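Student: If you read the sequences in order, they're chains A, B and C.
Each residue of the first sequence is one higher than the one before, starting from 1 at the first, in our numbering.
Each residue of the second sequence is one higher than the one before, starting from 137 at the first, in our numbering.
Each residue of the third sequence is one higher than the one before, starting from 273 at the first, in our numbering.
Among these hints, one or two may not hold up.
What the hints assert, rightly or not - Distance condition first, Cα-Cα at most 20 Å in a straight line; then the derived EDC-like pairs of lysine to aspartate or glutamate:
hint: 1; chain 1: C; residue 1: Lys-292; chain 2: B; residue 2: Glu-180
hint: 2; chain 1: C; residue 1: Lys-292; chain 2: B; residue 2: Glu-214
hint: 3; chain 1: B; residue 1: Lys-156; chain 2: A; residue 2: Asp-109
hint: 4; chain 1: C; residue 1: Lys-292; chain 2: B; residue 2: Asp-245
hint: 5; chain 1: B; residue 1: Lys-156; chain 2: A; residue 2: Glu-98
hint: 6; chain 1: A; residue 1: Lys-20; chain 2: C; residue 2: Glu-350
hint: 7; chain 1: B; residue 1: Lys-156; chain 2: A; residue 2: Glu-44
hint: 8; chain 1: C; residue 1: Lys-292; chain 2: B; residue 2: Glu-234
hint: 9; chain 1: A; residue 1: Lys-20; chain 2: C; residue 2: Asp-381
hint: 10; chain 1: C; residue 1: Lys-292; chain 2: B; residue 2: Glu-231
hint: 11; chain 1: A; residue 1: Lys-20; chain 2: C; residue 2: Glu-316
Stated by the list, open to error - Covered by chain C, according to a simulated footprint, are these stretches of chain A (three or more residues, beta-carbon under 8 Å):
hint: 12; segment: 4-17
hint: 13; segment: 46-57
hint: 14; segment: 102-111
In short, the hints are calculated from the structure, not lab data.
Computed from a predicted structure; not experimentally measured.
Idealized CB from N, CA, C, for every residue including glycine.
One-letter residues, chain by chain:
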Amino acid sequence: MSNGQKTAVVPATHTAPPAKFSHGVRKGNLLQVAGQVGFLPAVEGRAPTPAGPGLREQTLQTLANVQAVLEAGGATWEDVIMIRVYLTDTAHFAELNEIYNEFFAPLVDVPAARTTVYVGLPAGLLIEIDALAVLG
Amino acid sequence: MSNGQKTAVVPATHTAPPAKFSHGVRKGNLLQVAGQVGFLPAVEGRAPTPAGPGLREQTLQTLANVQAVLEAGGATWEDVIMIRVYLTDTAHFAELNEIYNEFFAPLVDVPAARTTVYVGLPAGLLIEIDALAVLG
Amino acid sequence: MSNGQKTAVVPATHTAPPAKFSHGVRKGNLLQVAGQVGFLPAVEGRAPTPAGPGLREQTLQTLANVQAVLEAGGATWEDVIMIRVYLTDTAHFAELNEIYNEFFAPLVDVPAARTTVYVGLPAGLLIEIDALAVLG
Numbered sequence: 001m002s003n004g005q006k007t008a009v010v011p012a013t014h015t016a017p018p019a020k021f022s023h024g025v026r027k028g029n030l031l032q033v034a035g036q037v038g039f040l041p042a043v044e045g046r047a048p049t050p051a052g053p054g055l056r057e058q059t060l061q062t063l064a065n066v067q068a069v070l071e072a073g074g075a076t077w078e079d080v081i082m083i084r085v086y087l088t089d090t091a092h093f094a095e096l097n098e099i100y101n102e103f104f105a106p107l108v109d110v111p112a113a114r115t116t117v118y119v120g121l122p123a124g125l126l127i128e129i130d131a132l133a134v135l136g
Numbered sequence: 137m138s139n140g141q142k143t144a145v146v147p148a149t150h151t152a153p154p155a156k157f158s159h160g161v162r163k164g165n166l167l168q169v170a171g172q173v174g175f176l177p178a179v180e181g182r183a184p185t186p187a188g189p190g191l192r193e194q195t196l197q198t199l200a201n202v203q204a205v206l207e208a209g210g211a212t213w214e215d216v217i218m219i220r221v222y223l224t225d226t227a228h229f230a231e232l233n234e235i236y237n238e239f240f241a242p243l244v245d246v247p248a249a250r251t252t253v254y255v256g257l258p259a260g261l262l263i264e265i266d267a268l269a270v271l272g
Numbered sequence: 273m274s275n276g277q278k279t280a281v282v283p284a285t286h287t288a289p290p291a292k293f294s295h296g297v298r299k300g301n302l303l304q305v306a307g308q309v310g311f312l313p314a315v316e317g318r319a320p321t322p323a324g325p326g327l328r329e330q331t332l333q334t335l336a337n338v339q340a341v342l343e344a345g346g347a348t349w350e351d352v353i354m355i356r357v358y359l360t361d362t363a364h365f366a367e368l369n370e371i372y373n374e375f376f377a378p379l380v381d382v383p384a385a386r387t388t389v390y391v392g393l394p395a396g397l398l399i400e401i402d403a404l405a406v407l408g
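This is chain A alone, in the form it adopts within the complex (with noise of 0.2 Å):
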C-alpha cells in the first residue's frame, strides 16, 4: 500500500501560524490536527485574537478551530482517536470537562482517547488542543 502524498490541511478561517508548520497534515490514512488554541478567525490585519473572556469561550473556539482543520482534511470527530488537552490550571478540569461532555454530546460513534495535563501556554491562552484521526 502506498501511503500517497502529504498533504497540508489550510482552513480559510484560520490565523497563519506563527512559523513553518501546517495546521493539519494528511499522509496515509493519517490526519493529524496541531496545537489549536482559541484564536477567534482571523481578521486581515488583526493580531491574533482569543475568544473571551472566560475558559467556556475559548475552549469552544478551540474545539471549533480544531474541527475546521479535521473538516479541510476530509474528516470529523467522529474519525478521531486521540485528542491532547493542555490545561493552564487544575482548577479547571471539571469546567473543562462540562464544556467537552456537552460538545461531543453529538457525537455517533465512540469518543477518542484523551490526554489532559496541565502546562504553560503564552500569556491569554487558557488551553490548547491537538487532534488525531484515521481516515476509511
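Got chain A sorted already, so can you dock chains B and C onto it with the hints?
Tutor: Below, chains B and C without anything else, positioned relative to chain A:
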C-alpha cells in the same frame, strides 16, 4: 484497505472516565491508550483513589492501567511504539527510570520510544502515562 | 496487510537512553522518534552534555538529534507529520520560531503539524522535541 470500525476499549477494572472520552480506542491498525493515572481498580461507590503512598506504587498502578487497556484492545506492550510519561517533579526521573526498567525487563521485542516531560497534574497524582500501539 | 516487525532505530551518534526505551521505533508505516534533547554526540566516558550556551545551539542540536533518528529509520523531515516541541520558557517562543523557520527553509514538501507547550525539563535543558513520520 479499509480501516474498519472505531471501537472503544474499556477494561472492566477501570473507573469511568471523568468525561466523554474512551480509555482506549482502536481504529485500523492503531490502538491509542488515553492518559492513565495510578487509580486503583474501581470499587462501586468509592471515588477514584490513587495507589500509594509513593511514586513506585503509583507508577506500577499506572503501567498496570495502561496494560489493561492494551490487553482489552488485543495488544501487548510488545506492540507499543510510543509511551508518553508525564511526571510532576524532575527529582523523580531517576526513580521513575529504575521502576520503568524493572517493569519492562521481560520485554522481548525492542522497547517503545518515550518522551518524558514535567507537567502539572491534579492534586495527589504524581504521574500520567499514555501509549500508542501498532497492531498486526 | 502485515505491519511487519517492530524495529529499534539507534543512531550511532546518540548517547544511550537513560532507561529501557528506544530513540526511535519503526512498525508498519510509522516511525516514532522519542523525545530528543540537545545532547552533543556521545563521547565514550563523558556524561551526556547539552550543546550551548543558548537556546539556538540547543535547538539546532535537538533537531539534529531528531534528524539522526529519522535518517537511521529510513525517513527524512519530508515524511514527518507531527512535531511536538516542549519549551521551558514562554519567552523563548519567538526565538524558537526564528530558528525553526531557518532550519526548515529547505523543506520541499508541506511542513509537519506542530504542538508547542511549556513544561519542566531536567536542569540545563531548554527544549525537547519528538516527531512522528509516516513512511512510503
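Student: Does each hint hold? Answer for all of them.
Tutor: Hint by hint, here is what the structure shows:
1. For the suggested pair Lys-292(C) and Glu-180(B), the alpha carbons sit about 36 Å apart, so the restraint of at most 20 Å is broken.
2. Distance restraint check for Lys-292(C) and Glu-214(B): the Cα-Cα separation of roughly 13 Å lies within the 20 Å cut-off, and the hinted pair is therefore satisfied.
3. With a CA separation close to 11 Å, the supplied pair Lys-156(B) and Asp-109(A) stays within the 20 Å bound.
4. In summary, the hint linking Lys-292(C) to Asp-245(B) is supported, as the alpha carbons are separated by about 11 Å, within the 20 Å threshold.
5. Taken as a hint, the Lys-156(B) and Glu-98(A) pair is honoured in the structure, with Cα atoms around 9 Å apart against an allowance of 20 Å.
6. With a C-alpha separation of about 13 Å, the suggested pair Lys-20(A) and Glu-350(C) falls inside the 20 Å cut-off, and the hint holds.
7. Proximity of Lys-156(B) to Glu-44(A) is assessed by CA-CA distance (about 36 Å); at most 20 Å being required, the pair is judged violated.
8. Distance restraint check for Lys-292(C) and Glu-234(B): the Cα-Cα separation of roughly 9 Å lies within the 20 Å cut-off, and the hinted pair is therefore satisfied.
9. For the hint pairing Lys-20(A) with Asp-381(C), the CA-to-CA distance comes to about 11 Å; that is within 20 Å, so the pair holds.
10. Of the supplied pair hints, the one linking Lys-292(C) and Glu-231(B) holds, its CA atoms being roughly 13 Å apart against a limit of 20 Å.
11. Straight-line distance between C-alpha atoms of Lys-20(A) and Glu-316(C) comes to about 36 Å, which puts the hinted pair past the 20 Å bound.
12. For the segment 4-17 of chain A, the stated coverage by chain C is satisfied: 4 residues place a CB nearer than 8 Å to a CB of that chain, which reaches the threshold of 3.
13. Remark: the segment 46-57 of chain A is not confirmed as covered by chain C, as 0 of its residues place a Cβ nearer than 8 Å to a Cβ of that chain, below the required three.
14. Counting residues of the segment 102-111 of chain A whose CB lies closer than 8 Å to any CB of chain C gives 0, so the stated coverage by that chain is violated, three being the minimum.
Of the numbered hints listed earlier, those contradicted by the structure are 1, 7, 11, 13 and 14.
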